[in-house]
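Using the sequences and the hints, build the whole thing.
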Amino acid sequence: MSVYNQNRGGIIQIIIGIIFFLIVAQLVSLQVVSNKYKLAADNNAIFRKIIYPDRGIIYDRKKRALLENTISYDLVVIPNEAKGVDTTALCAILDIDKAEYSKRIVEAIIKNTRVKAGVFEPFLTPELYAQLNENLYRFPGFSLSERSIRSYPYNTAAHVLGYVAEVDVNFLKKHESEGYEMGDYAGMTGLEKNYETVLMGQRGVKRFLRDNKGKIQGPYEKGEFDTVAIAGKNLYTSVDVQVQQLAEKLLQNKIGSAVAINPKTGGVIAMASSPGYNPNLLTGSQRRKTIGRLLLDTARPIYNRAIKGQYPPGSTFKPLGALIALDEGLITPNFGYNCFGSYGACGDPRKCEHHNAGHAANLQLALAYSCNSYFLQVFRMAIDNPKYKSAKGGYVKWKEYMNAFGFGRKLGVDLPSENKANIPDTAQYNKDFGNPRYWNSCYMLTLGIGQDRMTATPLQLANSMAFIANDGYYYTPHFVDSIEAETQEEAAQLAPFRKKQKVTKIPKEYFDVIKEGMHDVTVYGTAAFIKVPGHDYCAKTGTAQNPHGKNHSLFVCFAPKDNPKIAVAVIVENAGYGSTWAGPIGGLLMEQYLNDTLTTESQLKADNLAQVDLMPQAIKNWYVQNNKSAYLTPIEYNNDELSDVWDMEMLAEGVVKTKTKDTTPPAPLPNTDKTNKDSLLPNTDKKKKLNP
Amino acid sequence: MSSNYDNNFSKGTDLAVIILYMLMACIGILAIFMVEYNPNSDWASSFISGKTSYSKQFFFLIFCSFVAVFILLVDSKVFTALANILFTGGLLLMLATFVIGKEINGSKSWIPIAGGFNLQPAELCKIFTALALAKFISRPETDFTKLKSHLIAGAMIALPAILSIGQHELGLALVYSAFIFAMYREGLPPFILIVLLSFAILVIGTLLIEPTLLAIILSVIAGLILLYLGKRLKRNKQLIVIIISIWLICVGTVRFAVPYIFNNVFECYQTTRIYSMVGKEYDCGLNQKAAASFVESGKKSRKPDDYNVKQSKIAIGSGGFWGRGFLKGTQTRGKYVPEQNTDFIFTSIGEAFGFVGTFTFLGLYLFFLFRLIRIAERQRSTFSRVYAYSVVGIFFFHIAVNISMTIGLFPVVGIPLPLISYGGSSLLTFTALVFILLRLDADRQMVLR
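Residue numbers (my numbering), protein chains in the order written: chain Z, 1 to 692; chain G, 1001 to 1449.
These aren't lab readings, by the way, just hints derived from the structure by calculation. The beta carbon of each residue, even a glycine, is placed where N, CA and C say it ideally should be.
In the DSBU-like style, the derived pairs of lysine-lysine whose C-alpha atoms are separated by at most 30 Å in a straight line are:
#1 G/K1056 with Z/K213
#2 G/K1310 with Z/K83
#3 G/K1310 with Z/K38
#4 Z/K215 with G/K1335
#5 Z/K387 with Z/K431
#6 G/K1335 with Z/K116
#7 Z/K206 with G/K1310
#8 G/K1051 with Z/K215
#9 Z/K111 with G/K1310
#10 Z/K213 with G/K1051
#11 G/K1310 with Z/K222
#12 G/K1310 with Z/K49
#13 Z/K222 with G/K1328
Pair ranges (Cβ atoms, derived):
#14 Z/G84 with G/K1328: 35 to 43 Å
#15 G/S1065 with Z/F21: 29 to 37 Å
#16 G/K1328 with Z/A495: 45 to 53 Å
#17 G/N1038 with Z/S417: 54 to 62 Å
#18 Z/I14 with G/N1038: 42 to 50 Å
In structure tokens form, the structure reads like this:
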């Protein structure tokens, strides 16, 4: 019988072989072909802990830290371990209800899974921290996690410094290959954004082996694959914190901007935009409360007017108009124009503020008195220059000059989203007036006095002053002078700021004439009453018409006259004459920078100026209409006393109550030797206080 | 049939099998060591203290070696003589577990014996059944071409299997199907295998295809066959009856029998595991037992997920081609795979040594099985041959099912990997199975009855 079935032994072997073959095939697909199991395994078992380095510090020109890092604490929770939590006590401490508690746990699970720590309450106040720390044993699964946040000891330069914030999905998409992860922080505006790669440093990664309950077993492969965190590098800027603070103070209760540049380096000494905000309000737990208001406010406190605001330069353009005509050989310094109070050569007469005879007898006088007729004439001569055959040809040349002066193009300052403002192109006029043959210098006459469609940013205006101060060249305005332990790559990033921009060949004697004229402005001209103690300076006032209401008040200047160290542009929106508001502000800024202090008299003047409320009525009305009267209190003073109640009756009477801000810097000693490490010392103090 | 080139022990014992046995057992201890290894404690001292599984397994192995030597010293006639008594005793022990049994991991199949050890009669019953089956088939009066013999043999196998199901040991019960190998070798008509295979295909079909669609497909096939046979049907009316009844059985299986088994016989988790094989989800609400426990506990029936298989596949897959290296498996170290030192021991080998390791390992097993078949075929007595094929079947079934379930080819049923998995009962059973065979093989010139 068994003999019959002997072949069945073979069949059994074949069956066994087939099954083994199937198993091997599946093993090939699992172990050799597919990669996903390996990834899944790493996800399972390797816990990557990111070690965040301290961000770099930003210093001013005297090595005072404009911003620092402070330690803040988050309450974090590992949902899987949060069992047996005394929720009543926890909710009482955090002042939330049980529903909110469950909601936050669910959120933490969604964001960071059950086994990883997720933020339960970010940015604890010191009181909360102390309370939680004491009671932590009652909340298993909860822990306090340190994180470094920015703090701003001088409460200043918010627009320039920018802010850091948690990255969002869009950011991650844009910076895909740069290793950011959900929950990371990155610079979103200002210098923080522009120098993100320098400031952020290099994150370290530690790998740990983790078991099925999420417990750390120890370092993975003895830390062979770990990388260390490298702290971000410090930035050394040209900002002078005192000038910056003064600029912000003087612009309080006004809408406007002030920019001061060191013409010798192009370094920005101060850049203020008003209304602004205290940068400390956008860090830590304050951020949530503040950001909404900042974004909603119709006065746009977040908007950096110094690089984005487009203003007609008005009379502050006149020195440049004269330079063009001089260089083209159309006029000599002795060229005069007989102005009797208006310019009628193009039909409809244009008004001039002066009508005494001889106020425009030569260029110097015309500048000092800011004679409109004179500069309109000069402009027409430039456009109708016979050398270029047509108005169009002349205009193209004129625009070329303007671009060379830094107008109508981005200067390349080291802040994101600079605006290029506008020097109109011939194409625009061709479109408006039909054919190029149909238009001539009369069609855009008021360009000659800085109106028409010409606009410039305050930064461009300040830069044009640096250009004149330097007799024909400038350095691209910038904040960062040097980076700590600069690499080649970083040097390349800063290289454009170290290159002299000499784009015109205007001879020095022409600049001398212009400077003399601008000096006369400050001696007997429109700015005669503004003095900088101990220094001769050159300036030009501007009162620019604009479609939004009252004239803008403008002032450009540089000082000292013979060895210029500071060039300033100030704009106060809808405020009136340039000499009334912008002028004194510019004068005080120069005084502060050159003398490093203000005289008692100037200090008094500064305090008074800071009190003056020039906020356009339209904005105030908007606040009232939109039930946001609390916004009338400038955001810098957003403390409980003031924001709670605003007396509507007082508003109705037009009395605007303001409270002086305590402008003296809250104190870190301007210790120039302060290194990065030292500047962190106050934080450790804070820590000690928190851990009694 | 003995030949000169066989490596014979002095007494005619097959040395190759002994070497393979020792090799496997050592691999097993190493694999368990990998699972239990903790870099923070001194493995040598914990080995000696005997508190870890691998040291226990090591002592089991020493004990089993004594048992093996003892078996090799016994007269082979003892096995034929005691076969029926042992089988009866085994069945009685299994029945006894219902009374004095101890529950471990949800199955009441253990009898506590001295020294904190527990005995699982169902394991031992495999040996006894093999012996009894061999005894039955080798009886001179048994004619294994007869249906009656098939039925008796089937009953002998079914009895311990049913008892195992009663103990909630589905895996152990399934092992008894391995005796089909031996029965097939002795003359079980192939059509029974074909019927069983068709049934398996039908069950898998039910899982994969919509029941209605499957019924339609079956009807179409039946219709096509009827058309094809055409004229022959007129001559032979019986054919129509046969075809229609086959069709009825098939459709009945698909529409009623399989769903009934899934919903009423199996536990919810078992059906879920089977469904997860084909990548489908099973709604436990349909399961009567789950519904009953739902009423009992008042809790919502929780969906048991296929966590085990997922983690097991991840562990094996993460080994890649070359493996992560000895003691470097992150999944093993992190204890991600449940039951890793028993049913899922293959994952620790797969992760540490990769495809190269698993392939070599399977090669060893295949060599071992083929060696056993060769031994089986050289037996003169039917008793030895049937027993040998029983051993082959049991080993093969364990290996195939265990490895298939760790790599997601088979639903998870708790059966160990022979000689590798941690566990004294299982090691003892396999040792006895192998060494009884070697003892019989040593006397292969004798005709045993």
